[in-house]
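Number of protein chains: 2
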Amino acid sequence: MGGAILSEFLTQTLIPVAAVVGIGFALLQWLLVSRVKVTPSGVSSNNGYNEQLLVEADEEGVDGRQAVIKCAEIQNAISEGATSFLFTEYKYLGVFTVCFAAIIFLFLGSVENFSTKSQPCTYQKEKMCKPAIATALFSTVSFLLGALTSVISGFLGMKIATYANARTTLEARKGVGKAFITAFRSGAVMGFLLAANGLLVLYITINVFKIYYGDDWEGLFEAITGYGLGGSSMALFGRVGGGIYTKAADVGADLVGKIEQNIPEDDPRNPAVIADNVGDNVGDIAGMGSDLFGSYAESSCAALVIASISSFGNSHDFTSMCYPLLISSMGILVCLITTLFATDIFEIKAVKEIEPSLKRQLIISTVLMTIGIAIVSLLCLPKTFTIYDFGSAKAVKNWQLFFCVAVGLWAGLVIGYVTEYYTSNAYSPVQEVAQSCRTGAATNVIFGLALGYKSVIVPIFAIAVAIFVSFSLAAMYGIAVAALGMLSTIATGLAIDAYGPISDNAGGIAEMAGMNHKIRERTDALDAAGNTTAAIGKGFAIGSAALVSLALFGAFVSRAAITKVDVLTPKVIIGLIVGAMLPYWFSAMTMKSVGSAALKMVEEVRRQFKNIPGLMEGTAKPDYATCVKISTDASLKEMIPPGALVMLTPLIVGILFGVETLSGVLAGALVSGVQVAISASNTGGAWDNAKKYIEAGASKAARELGPKGSDAHKAAVIGDTIGDPLKDTSGPSLNILIKLMAVESLVFAPFFATHGGILFKI
Amino acid sequence: MGGAILSEFLTQTLIPVAAVVGIGFALLQWLLVSRVKVTPSGVSSNNGYNEQLLVEADEEGVDGRQAVIKCAEIQNAISEGATSFLFTEYKYLGVFTVCFAAIIFLFLGSVENFSTKSQPCTYQKEKMCKPAIATALFSTVSFLLGALTSVISGFLGMKIATYANARTTLEARKGVGKAFITAFRSGAVMGFLLAANGLLVLYITINVFKIYYGDDWEGLFEAITGYGLGGSSMALFGRVGGGIYTKAADVGADLVGKIEQNIPEDDPRNPAVIADNVGDNVGDIAGMGSDLFGSYAESSCAALVIASISSFGNSHDFTSMCYPLLISSMGILVCLITTLFATDIFEIKAVKEIEPSLKRQLIISTVLMTIGIAIVSLLCLPKTFTIYDFGSAKAVKNWQLFFCVAVGLWAGLVIGYVTEYYTSNAYSPVQEVAQSCRTGAATNVIFGLALGYKSVIVPIFAIAVAIFVSFSLAAMYGIAVAALGMLSTIATGLAIDAYGPISDNAGGIAEMAGMNHKIRERTDALDAAGNTTAAIGKGFAIGSAALVSLALFGAFVSRAAITKVDVLTPKVIIGLIVGAMLPYWFSAMTMKSVGSAALKMVEEVRRQFKNIPGLMEGTAKPDYATCVKISTDASLKEMIPPGALVMLTPLIVGILFGVETLSGVLAGALVSGVQVAISASNTGGAWDNAKKYIEAGASKAARELGPKGSDAHKAAVIGDTIGDPLKDTSGPSLNILIKLMAVESLVFAPFFATHGGILFKI
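Chains A and B, in that order, give the protein sequences. Residue 270 in the working numbering sits at position 266 of the first sequence, and the numbers go up by one each step. Residue 726 in the working numbering sits at position 722 of the second sequence, and the numbers go up by one each step.
Okay, chain A solo, but in the shape it has when bound (with noise of 0.2 Å):
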C-alpha cells in the first residue's frame, strides 16, 4: 500500500507551526485593533485624526470627547456584565463537568470490572491492547482538556467582542468601512484563536497520550473522542444558557421599550438594554465561539477514530493517521490569506460593499481550500489504503479522499449562499416576508414561518449530496472528513460570524452614548449584513454538525459491535420516532424558558418606567443591574432541564434499551434536528431583516411600508421579536444537541455493548 510523501517529522512540525501562525495572526489582528483608542486622551496621533473635527462634524451638538468617555463607560459595563455571568456560568459547568468526569471514569472502567490487565483488541483480536481503566482515565482527561479549551475559546471570544464593540463605534465616525475592518478583524481574532488553539491542544494531547499507547492506537484514538465529548458540552450549555440570556433580554427590551414605550432599540433608558448587550457577547459570540469549537474537535475526534481502525492506524502511519489534523492546519493558513483580502485588498467604501465583502471571504476561503486539500491529499495519504466499513474493508484512494472534503467544503458554500438568499434584504425571500405586514403581524409570521420551512430545501439537498458522494466513496471516515472540510475554513466562517454581535453591539453603544443618527445608521448597515452573516454561521454549524454527528454515529456504531441499523426492527424504529421527536421536546424547553424569562423582565422594565421618575425624559438613570440578574438568575435556572435532556438521553437510552435503540435515538434526532434548526434559524434571521428593511426604507417599496412606528413596521417588530428564540436559543442548540448525543454515545460505546440494554435481557 505504501505509505505517505509527507514524512512524520515534518507532519509533526508543520502541524504546530500551522497552529502558532494562526496564534500569532490572531494577535497581530488583535494589536490592530487596540491601535483604536477609547480613552480621548492622546487619541489624535494614535487614531490618525483630530477628534476636535469629529465634535464640529457632529450635527446634534453631542460632544466628542463625552461620547468617547461615554463609550469606554458602556463597554466598561458590557464587559463586566458579561465576564461577571461567564464565571457565574462556569461555577455550574465546574460542578457538571467534574461529575460528569466521573461517570466517564466509572463507566468506562466497570466496562472490564477496573481490570488493570490488558486485553485483546476490539477490532484486531489477535494483538493485545491497553485495558479499559486506561481508556476511562485518558477518556476523562480529553473530556476535561476539550472542555477546558471549549471554555477558554468562548471566553477569549468574549473578550476581544467586548473589547472592540466600542472601537467599532468610534471608527464607524471615520466612515463605514474603518468600522467594518475593527469589527471584522475582532471576528477574525476569535476565529483564528479557536481554531488554532483547538488544532495545539489536540495535537499535544495525541502526542501526550501517544507516550502510554505506544502502539495501541485504537485504543489511542477510542481515548481522544472525550476531547469532542468536553468540547461539546460545554457548548452545550454555552448555547443553551446564553441564547436563554441574549433573548429574555432582547425580547424584554423590545417588548416594552419598542412596542409599548416607543423608544428606539438600545435606547439608553431602557433598563434592559445593558443585559440585552451582554447577551450578545455570551450567547452570539461565547456560546457560538463553544459550538462551533465542539463541531471542529468532534469531526476530527470521529475521523480520528475511524482512522484508527483503518490500514494507516494498523500500519502506524502517522503522517496519514493526522490527515485531518494536517487539514485542519491548511485551513488556518488558507484562511489568513483570505482574512488579507477583506482587511487589506479590497477596501469596504460603501454600506451596499458590506455584504458582497463578507460574501467574497467566503468564496475566496473555499476556492482556496480547495487547493490546500489537493495538496494535503496527496502529499499526506498513501495511494490506496482501506478503510473500516462496518465489519468490511474499504479500499480507497488518496484523490477519493480529496473529493470527500472537497465535497463537504463546497456543500458548505452552498449552505451559506442558501442561507445568505434566504436572510438578506437584498432578495426577494425576506422583501415578501416585509410586504406582508402590510396586512399585520399574523401573515408576517405565517410567511415568516413558510420562508424557514422552504430554506430548508436545498441545505438539505446539499447534505444529502455530500454524504452521498462521501460515504460511497469512503465510508464513515469519508463523512467525517467531509464535516472537517465544511469546518476546515472555520476561522473565516467565525470571523464574518462574529463580526454581527460585534457590529450590533457598536450600534447599542451608539445608541447609548448619544452619538450621532448617521454613526447609527453606519452600524446598523453594518449590523444588517451582521444578521445575514450570523444565519450564515449557523448554517455553517447546522450542516457540518449533520455531517460531524453522523460521522459520530458511524463510530459508535462500529465501537459498538453492531453492523447495521435496519429501520424494520422495532428496537430501531422506536429509537427512530422518538428521536425526531427530541428536537421538538428541546425547542419546547428552551423557547417557553426565553418565554418566561422575557415576562419577568418585561414586568422589570415596566416597573421601572413606572417607578423611577423622570426615567422617560431621561433625567434619571435605569436600574441596569437588577435587569442583569433577571437574565443571568433565568439563564443559569433554565439551562438545566434542557441540558439534561441531551446528556441523560444517551445514558438511559443506552443503559435501558441498548444499542441499538440508541442508534436509531441518534439517527432520527440527526434527522430531524438539522431541518428544526435549519428553519428556525433562517425564519429568524428573516423578520429580523424584514424588519431592518422597513427601517432602512432603502427602495420605494419599502419606504411605502415604513417609517418606524408604522403599522407594518410594528408587525415587523413582533415577528422579530418571536423569531429572537428561534434564531438565537433553540435553532442554534438543536445542532448541539444531535452532535453532543452522538459524540456521547461513541466514548460510552463500550459501555453500553458491555452492560446497556437491561431493560431486553430481563
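Hints are computed from structural coordinates only; laboratory data are not their basis. These figures come from a predicted structure and were not determined experimentally. The C-beta atom is built at its ideal place from N, Cα and C for all residues, glycine as well. Heads up, some of the hints might be wrong.
[Said to hold, decoys possible] Derived pair list, reagent style DSSO-like, types lysine-lysine, alpha-carbon separation capped at 30 Å:
hint : chain 1 : residue 1 : chain 2 : residue 2
1    : A       : Lys-704   : B       : Lys-614
2    : A       : Lys-568   : B       : Lys-568
3    : B       : Lys-765   : A       : Lys-568
[What the hints assert, rightly or not] According to the in silico footprint, chain B covers these stretches of chain A (three or more CB under 8 Å from chain B):
hint : segment
4    : 355-363
5    : 443-455
6    : 561-569
7    : 675-684
Based on these hints, arrange chain B on the given structure of chain A.
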C-alpha cells in the same frame, strides 16, 4: 395450526350485515336531524314548541320567523357554495384520477412486459400466480373504486353538515343540549356512513376480485392495495384544496373584519363570511372525511396484503384473512352503542357538560371496543399461525394479536386525551398561552409554538409503545392491525370531529341571521368544545397515519424484495434525511398558499368596505360571490404543487434511486412528518382556544385579559390567525403526505423492484 372458530359463511354474512346496520343507523340519525324544520310554516307541531314563545323570548326583538327564514337562506348559500366548489374540485380530480389510473396500469403492466401468461408467485415460487398485467388492471380498478368511495364520503359529509348547521342554530334557541344533540347526530351520520361504506365497498371488491383470482391471494390482495391509494390520493387534494379554501377565507375575513374594522366574527357585513363558512364544510368536513377514509382503507389494505402471505393466506383461511374487516365490523356496532350514550342516555343540560360528554364518547368506545377486539380475536383467528417477517416466518398466537389491536386502540385514546389537555382552555397550557397575551402577540406566538412542540412528547411515546408492542408480537401485521385498532372507533371519532365545524357554522349562521346573543353564546360554547375535539380528531388521524404508513412501508419493503433498511448505507441515509425534509417543503407550500390567497382576500374585502357605500352601516349587502370565487380559484390553483410533490416523490425516487433510497425517504418523512403535524395542529388549536378563553371570560383570570377588543384579545386574535393554516391546512395534510407516499410506493413496488434505480445502474 387449525382454523378460526367463525365459519367462512358467517364471516361472509356478518361483514355486510354490520355495514348495512351502520348505514341504517346513519340514515336514522339523518331522519332525526331532519325533524328540525328550517321552514317557519308548520313548525310548532313537529318541533314541539311554540314559535311565538321564542319570538317573545328574543330580547333584541329580532323576529323569530324572520330569523328562521334568514337561517334557511344562509344555509342554502353555504350549501350551494360548498357543492359548487366540490364539483369544480372533482373536475380537477377526475382528470388527475384518469391520468394516474393510466400510469398505474402502464407501470405495473410493464413489470412483466404486459405478458398475459401466469408467472411463479413472488413469495411461493413453486406456485403459479396471475400475470402482472392482471394485477395492473385490478389495481387500477381498485384505485378508481377507492377514489370514488373517498369522494362520496367527503361529499356526503359535506351534505349532512350543511344540512345540519342551520338546524343546530335553530335548536340552540331551545337550549344548549338540543343544539348539541343535533350537531352530534349529524356528525354521527357522517361517521357511520363513512365507516360502513368503506367496509362495504372493500368487502364487495374483495369478493368480486376473488372470482378472477381464485386461489392466488397474493395477487388478489396486492391488487386491493389500489383501493387505499385511490382513497388517499383524493384525500390529499381534498385536505389541501379544502384547507387552503377555508383558511384563505378565514384569515382574510379575520384580518379585515376583526382586526381592522372591529366587527365580530361571522358578521354578515363581512364579504368573506360566506366563503369562510363554506370553507369549514369543504375543508374540515369533506377533507377530513376523505382523510380518515383514506387511513381506514390503507390500514385495511396493509393488513390484508401482509396477511395474504401469512399462514392463513397460504392456507386460504378466509375468516382469518378477513380479521381486519371483522374488527371494523365490530367497530361499527361498538360505535353505535357508544353514540346512544351521547344522544339518548346522558343529556347535556349546561355548557360545561359538553366537553366531558365528548370525552366520555372516547372512553366508552375504547372500553367497549377492547372487549370487541377480544371477541373477534378469539373467534376469527386460529390459535397459532405464522406471519411473514421480512423473509422469515414468525409464529403468532391469537391473544397476541388482541394485544396488537388493543395497544393501537388505547394509544389512540392516550393521544386523544393528551391533545385535549394541550388544546382545551380548561387546562393550564392554553391558559398560560392566554396569559402570555398580556405582553402582546410576540409572547403569545412564542408560548404557542412551545406548547405545540411540547405536546408532541406523549403522543410520540404512545405511538412508540404501540409500535414496539405490535411489532414485537406480530411484525408488520401487528402494526397494521394496531393502526386498525386506533381506527376501529372511527365512526365515533368522526362524529365528534365533524361536530366541531357544524357548531362553528351554526354560530356563524346565528350571527349572520342577527339572532339573540344568547344563542350565539351557546353555539360559541359548542364551538369551543369543537375546537378541542377537532384537535383530538387530528391527533387520531396523525397517530393512525404514523402506524398505517409504517405498516405500508413494511409491506412495501417485503414486496420490493429487500430484507433490511440499513441506515448505515449511503442510499438509505440520504433518503432518510431528504424524506425528513419533505414535510417542511410541503408545509412551506401550503402555508404560503394560504398566506397569498388570504392577501388577495384581504384586498377584496377592503375594496368592498371602501367601495360599497352603506356596507359598514348594514344598509348594503356585500358581494359574497367574489370572495367565494377568490377562495375557489386560489385553492384549486394552489393545491397542485403540493399535490404534485407528494404524488411524484415516490415515483421519481423509486425510478431514479431505487427501493433502498425510497425506503429511507418513507421512513424519514414518517418520523419527521408526525412531529410537524402534531405540533402544528395543537399549536393552532391552542391559539384558537386561548382566544375563546379570553372572549368567554369564564374566570377572574380570563376576565382580566378581556374583553373583546382589549390589547390581550388582539394579541390572541393574531395567534389564532397564524394558527389557522397550521391547524387546518399544513398540519392535517401531513398525515396524508406520509400515508400516501407509503401506499403509492407499495402499489408501485413491483415496478420499482424491476425497473427502478436507473441512476445507480448507469
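Results of checking the hints against the structure:
The hinted pair formed by Lys-704 of chain A and Lys-614 of chain B meets the criterion: a straight-line CA distance of about 25 Å does not exceed 30 Å. For the proposed pair Lys-568 of chain A and Lys-568 of chain B, the alpha carbon gap of about 9 Å is at most 30 Å, so the pair holds. With a C-alpha separation of about 24 Å, the suggested pair Lys-765 of chain B and Lys-568 of chain A falls inside the 30 Å cut-off, and the hint holds. Taking a C-beta to C-beta cut-off of 8 Å, the segment 355-363 of chain A contributes 0 residues in contact with chain B, too few for the three needed, and the coverage statement is violated.
With 11 residues having a beta carbon nearer than 8 Å to a beta carbon of chain B, the segment 443-455 of chain A meets the requirement of three or more and the stated coverage holds. Against chain B, the segment 561-569 of chain A contributes 3 residues with a C-beta closer than 8 Å to a partner C-beta. That satisfies the three-residue criterion, and the hint holds. Under a criterion of three residues with beta carbons nearer than 8 Å to beta carbons of chain B, the stated coverage of the segment 675-684 of chain A is upheld, 5 such residues being counted.
Hint compliance for this structure: hint 4 alone is broken.
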